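K.L.:
Now for the letters of each chain:
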Amino acid sequence: MKNIYFVWKRESVAYFTSPVAYIVVILFLLITGSLFWFDYFREINQLTLRGFFNQAPLFLAFFAPAITMGLLATEKKEGTLELLMTMPISDFQIVIGKFLASVTLLMVVFLMTLPYPFSLSRLGELDWGSVWAGYLGLILLASSYAAIGIMASSFVKDQVVAILVSFSMCFGLFLIEKFGGNPTGTSAHILEYLSTNYHFQNIARGVIDVRDVFYYFSIIVISLVIAQASVSSRRW
Amino acid sequence: MTEYSIVVENLGKNYGDFQALDGISFKIRPGEIVGFLGPNGAGKSTTMKILTCFMAPSKGRASVCGFDVYKASKEVRKRIGYLPESVPLYDDMMVFDYLKFIAEVRAIPSNKRQEAIKKVVSLTGLTNMITRDIGELSKGYRQRVGLAQAIIHEPDVIILDEPTSGLDPNQILEIRDLIKEIGKEKTVIFSTHILQEVAAICDRIIVLNEGRIVADDSVEGLEKKLIDVKGGLIVETLDGETGLGNLEGVISLEALEEKNHFRLETKDIAELRKLIYETKSENIVSLYPYRPSLEDIFRYLTSQSYLSAQRSDLAESVEREEEE
Chain A
105 MKNIYFVWKR ESVAYFTSPV AYIVVILFLL ITGSLFWFDY FREINQLTLR
155 GFFNQAPLFL AFFAPAITMG LLATEKKEGT LELLMTMPIS DFQIVIGKFL
205 ASVTLLMVVF LMTLPYPFSL SRLGELDWGS VWAGYLGLIL LASSYAAIGI
255 MASSFVKDQV VAILVSFSMC FGLFLIEKFG GNPTGTSAHI LEYLSTNYHF
305 QNIARGVIDV RDVFYYFSII VISLVIAQAS VSSRRW
Chain B
48 MTEYSIVVEN LGKNYGDFQA LDGISFKIRP GEIVGFLGPN GAGKSTTMKI
98 LTCFMAPSKG RASVCGFDVY KASKEVRKRI GYLPESVPLY DDMMVFDYLK
148 FIAEVRAIPS NKRQEAIKKV VSLTGLTNMI TRDIGELSKG YRQRVGLAQA
198 IIHEPDVIIL DEPTSGLDPN QILEIRDLIK EIGKEKTVIF STHILQEVAA
248 ICDRIIVLNE GRIVADDSVE GLEKKLIDVK GGLIVETLDG ETGLGNLEGV
298 ISLEALEEKN HFRLETKDIA ELRKLIYETK SENIVSLYPY RPSLEDIFRY
348 LTSQSYLSAQ RSDLAESVER EEEE
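Respectively, the protein sequence lines represent chains A and B. Residue numbering for the first sequence follows our numbering, starting at 105 and increasing by one per position. Residue numbering for the second sequence follows our numbering, starting at 48 and increasing by one per position.
Derived by calculation from the structure, the hints in this document are not laboratory data. The reader is advised that the hints may include incorrect statements.
Computed spacing ranges between beta-carbons, pair by pair [stated by the list, open to error]: (1) 185/B with 232/A: 28 to 36 Å; (2) 338/A with 158/B: 32 to 40 Å; (3) 122/A with 213/B: 22 to 30 Å.
Each computed DSSO-like pair below joins lysine-lysine, with the alpha-carbon atoms no more than 30 Å apart [unchecked claim]: (4) 261/A with 327/B; (5) 231/B with 159/B; (6) 113/A with 271/B; (7) 125/B with 261/A; (8) 113/A with 106/B; (9) 106/A with 106/B; (10) 327/B with 106/A; (11) 113/A with 166/B; (12) 166/B with 121/B; (13) 159/B with 106/A; (14) 327/B with 271/B; (15) 106/A with 181/A; (16) 121/B with 106/B; (17) 159/B with 106/B; (18) 261/A with 227/B; (19) 261/A with 106/B; (20) 186/B with 113/A; (21) 186/B with 159/B.
Keep in mind it's a predicted model, so treat the numbers as computed, not measured. Quick reminder that beta carbons are idealized off the backbone N, C-alpha and C, glycines included.
Sequences are here, hints too, so could you generate the full structure?
P.N.:
The following block contains the structure:
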């Protein structure tokens, strides 16, 4: 537990002492913010964050890989992972600590978007239930993308390759339901079930279903287990 | 406490087809400073990576402080300090923050961390650098930070992979002194290809070549070994070789780099010396027994002819065993 905290602390401090955190926060706020405020001033006949929640998964498919791409790849390239692996800390603790640090950064980003719902609530009665559900969905979705990003980062030494691999996977999982066309039949349901966006939209509607939460947890667990195995494979 | 701090038995490592280590064995007692010597690709780093539990051996076994590196890896990792060849550090961290992180991961209790950092920083001469970013440090200071992280938790065994490579002569001397200082209490293994370095620091040298141990001895022992094989006289003459090579008992004559210096190889030094004085005395400036330099020893031990001689010895002994 302590070791996870130490790794988490190091990575979190590293995020906020390097430009990475600030670039990610600024870009994410710039993009989602401009879209949000554009709607806010143009046509505000519905008091809802649907617009933001519809776009966010797409941007996260890029931002989550961007902040996780270097977590293991750079350490492998620089050799610092080799040194860390000769210390009394398990590979699992290394991977989890890094994962939690990236989730922390993403949660800070989401925190910065809270002015959107608060501005809306000034205009009238806002359905806070669906807003919080939407944020919970965002955190689950972002964590899944971060886990995928760490998995990709564990495969290679080059962070550019890592971001390309993880972006393709995240984007693929985002788009996959679109391949199904009108969902009828088993295969369409399978595609739908695999889609990150499908589960996110379920949650953002305000219905927190165990199946949707389970989906995200399985992505996180599978990705992190593979990432850990990939790190450990150096020892075999 | 076990008698040996490091025991390596028939250790082998393959990278795909390439055999990096081919069944090496050695034992190191607590408090010994051992130098690993060998050309690039001899297997020095591979041995160290196995001892530090970074890689698993393909065959054989190794244990540190009585714990197997594969089965009880965590126990081993608690007891070693390691500085890899490339000195990997987090460039974006301050020296102090980095050492604090290492102290945390090395499980130094929180009330003792400050003290441990203070101690290691003054030992490695980093006191003035503690608030600098690691990325800004010169090579010499990086190396010291690398050393500091390897010894901060006062491990029983310290493994340093080429700790002096790329440093200027002053820095090399400082690092050597530091290694000697540490080695008073701890077991230290370090690798190098600078020969004077091993002579200056080590109690014992292990020479590796092509994944095998070709020598495991003290510096004096190695010198003696080479004299036994390549015994001879160094002769300085007034002018040219003057027929020295034709004397009785001379196996070969080798002109040395220095003008009018020759090395005469012989089985019986006393006899040859007498003969030279009797027959060539008017031409001789000086005459003394051949003392191999470390370079000679190293070149000899890692030469192809020595390797193949060893292999044929091995083959013969195997054949003999089979016959019996």
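K.L.:
For every hint, state whether the structure bears it out.
P.N.:
Here is what the structure says about each hint:
no., hint, in the structure
1, 185/B with 232/A: 28 to 36 Å, "violated, 57 Å"
2, 338/A with 158/B: 32 to 40 Å, "holds, 34 Å"
3, 122/A with 213/B: 22 to 30 Å, "holds, 27 Å"
4, 261/A with 327/B, "violated, 68 Å"
5, 231/B with 159/B, "holds, 23 Å"
6, 113/A with 271/B, "violated, 56 Å"
7, 125/B with 261/A, "holds, 27 Å"
8, 113/A with 106/B, "violated, 38 Å"
9, 106/A with 106/B, "violated, 35 Å"
10, 327/B with 106/A, "violated, 80 Å"
11, 113/A with 166/B, "holds, 24 Å"
12, 166/B with 121/B, "holds, 25 Å"
13, 159/B with 106/A, "holds, 16 Å"
14, 327/B with 271/B, "holds, 29 Å"
15, 106/A with 181/A, "holds, 26 Å"
16, 121/B with 106/B, "holds, 20 Å"
17, 159/B with 106/B, "violated, 40 Å"
18, 261/A with 227/B, "violated, 36 Å"
19, 261/A with 106/B, "holds, 28 Å"
20, 186/B with 113/A, "holds, 27 Å"
21, 186/B with 159/B, "holds, 29 Å"
Violated hints for the displayed structure, listed by number in ascending order: 1, 4, 6, 8, 9, 10, 17, 18.
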